[in-house]
Amino acid sequence: MLSMSRVRNNARMLAAAACTTLILASSPAWAQDAPAVDPNPGAVTITGSIDFLNQYMFRGLQQNNTGLVTWPAFDLGVTAYSGDGGLKSVGINFGTWNSLHSGNTGSDGPSGKMWYESDFYATLGFGFGKGTSFSTTYTAYNSPNSGFTTVKEFSFKFAVDDSGYLGKGAVKPYLVLAQEFGTDIGTGQADAGDNAGTYMEIGIAPGYYGISRASIAFPIKVGFSLNDYYELAGEDNKFGFFSVAGIVTVPLGGTSNFGSWNVHGGVEYQALGTTTEFYNGGDSSQVIGSFGIGFSY
Amino acid sequence: MRRSKSAGGWLCVCVLMVVISAATASPARAQGSTDPNPGALTLTGGFDFANAYFFRGIFQDDTGVVMWPYGDLGFALHSGEGALKSVSVNIGTWNSLHTGDAGSNGPTGKLWYESDFYAGASFGFGTGTTVGVTYTAYTSPNQMFGTVKELSFKVAVDDSGLLGAAAVKPYALLAQELDGQADGGADEGTYLELGIGPGYSLSKVSMTVPVKVGLSLSGYYEGISGDETFGFLSVAGVVTVPFISAPTRLGSWNIHGGVEFLMLGDRNEAVFGDSSHVIGSIGIGLSY
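Line by line, the protein sequences give chains B and E. Following this note's numbering, the numbering of the first sequence begins with 55 at its first residue and continues without gaps. Following this note's numbering, the numbering of the second sequence begins with 195 at its first residue and continues without gaps.
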């Protein structure tokens with residue numbers, strides 16, 4: 055019951071990871087199959103995807119337990135600056151990420167409506183030397199079918215692309231800090247707790263390319279509560295979840311006038327902490343399978 | 195009750211604005227400036243502010259500020275010289291955010307009154323004729339109306355080639371509700387819209403004067419005295435000013451604003467409480 059009403063964010067990270075993986079994975083194909091003319095040499099980049107899953111866990115918090123989950127996502131990226139100085143690039147991204155459910159938190163649930171989650175986000179990112187990047191994101195997590203109350207969050211991400219140093223051994227570490235704001239008791243929080251939460255995620259995303267045309271990535275991440283993010287019965291449990299996944303991406307041809315398209319699929323295993331286990335019906339782990347189509351233009 | 199229905203007659207105006215902005219950018223592209231996006235995907239979008247929202251003459255809200263963020267992704271699947279000149283597919287979303295009675299100041303306390311998703315295909319033929327079919331789902335994230343699903347067909351003629359500056363660009367739109375109803379009535383309705391969109395371009399400014407009539411062919415404007423055929427008459431003036439004359443690496447941007455005069459049929463007048471209304475809007479548009 056609580057797990058339904060607290061819905062939201064976790065899937066976005068998985069989707070973002072999948073999208074990132076896809077984009078990264080498809081890069082070699084771009085290089086190999088680049089058309090004579092770049093279909094989009096301008097400063098605006100469009101990415102999108104639609105994924106299908108058996109389960110939606112937001113940062114370890116269960117969001118559904120029956121039916122099919124569908125994630126349409128769309129992102130518009132604007133390259134505001136690129137240069138060779140200490141600051142290599144400045145980018146702005148806007149996007150929407152959505153979760154449609156056929157099961158108990160969607161069309162088969164009390165609202166009878168499929169559209170469980172709709173997130174809007176805006177990101178300002180800065181790229182520095184040595185593959186280092188820093189970004190800040192505002193996200194509003196909404197539930198059109200009133201499955202949960204709107205959550206507003208600011209997050210900060212620090213990431214390092216160590217491919218330049220480690221080549222195929224790169225692990226691409228990152229750190230995310232997220233702060234909920236504008237909350238009330240049981241309202242505006244991922245855990246539907248008493249207080250606004252502070253979340254931290256640490257992850258890596260090693261990947262391998264050149265396996266025929268396919269690529270595979272193994273994102274690993276751990277989610278923690280720094281403060282009141284995983285509340286349960288008045289107690290904040292620090293460990294939220296541990297996730298390890300394998301994602302295979304296969305480009306659909308090369309880059310064409312329609313950009314670069316791919317199909318991707320993966321399996322994710324999540325080991326849950328005390329709060330997230332409670333909301334997962336007492337199960338301490340969860341296996342998630344996904345399959346989807348993505349494009350980058 | 196009066197907003198127990200759905201979505202967007204102004205969508206046409208918004209789309210028109212975007213089309214105008216794209217059109218104003220075309221000459222610059224043709225003049226030789228570098229096209230930032232020569233591929234087959236086109237992105238259009240915008241963010242508009244208005245003082246009221248009527249959907250096809252059906253009152254939605256006239257309190258607070260109404261905001262309309264929208265975006266459209268177009269795929270040019272075919273272009274050729276035969277009888278079939280072009281085939282394109284579009285998907286997009288149109289949204290209405292309200293600070294007034296239908297939104298954050300209303301019973302739900304939530305801003306997001308309407309979110310529409312649509313997908314369509316259009317076919318371009320000779321002599322500027324275009325035939326399109328669109329599926330639209332009108333939803334209300336703040337639960338102010340029930341979801342309406344609709345299939346519509348549009349025939350439009352760009353008579354610029356024949357009439358030049360005197361072109362009126364007539365169109366007819368036929369829409370059939372599949373599930374849910376804009377009028378909150380007893381039966382799914384069938385809607386017909388007839389319109390023209392004459393326009394005039396000056397050096398850095400373009401202006402259009404869209405005129406349209408909304409009619410119920412069957413059960414679209416149901417009221418206490420049954421289905422009324424006449425829904426509304428709309429006359430608007432929309433001015434669009436590009437930010438700069440040539441497209442940049444960020445595409446073509448514009449600022450646009452307009453005034454629309456709505457004359458309502460008896461059913462819509464009874465719901466709104468007045469026989470007419472004036473709507474003002476201003477916004478920013480993008481074509482890439």
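Mixed in with the good hints there might be a few duds.
List time: in silico SDA-like cross-link candidates among lysine to any residue, alpha-carbon distance up to 20 angstroms [claimed, not checked]: (1) B:LYS142 <-> E:SER298; (2) B:LYS211 <-> B:GLY166; (3) B:LYS206 <-> E:THR293; (4) E:LYS343 <-> B:SER156; (5) E:LYS343 <-> B:LYS142; (6) B:LYS206 <-> E:SER298; (7) E:LYS279 <-> B:GLY145; (8) E:LYS343 <-> B:SER161; (9) E:LYS343 <-> B:SER165; (10) B:LYS206 <-> E:THR302.
Treat the hints as calculated values from the structure; they're not laboratory data. Fair warning: this is a prediction, and the values are worked out from it, not measured in the lab.
List of violated hint numbers, smallest to largest: 1, 2, 5, 7
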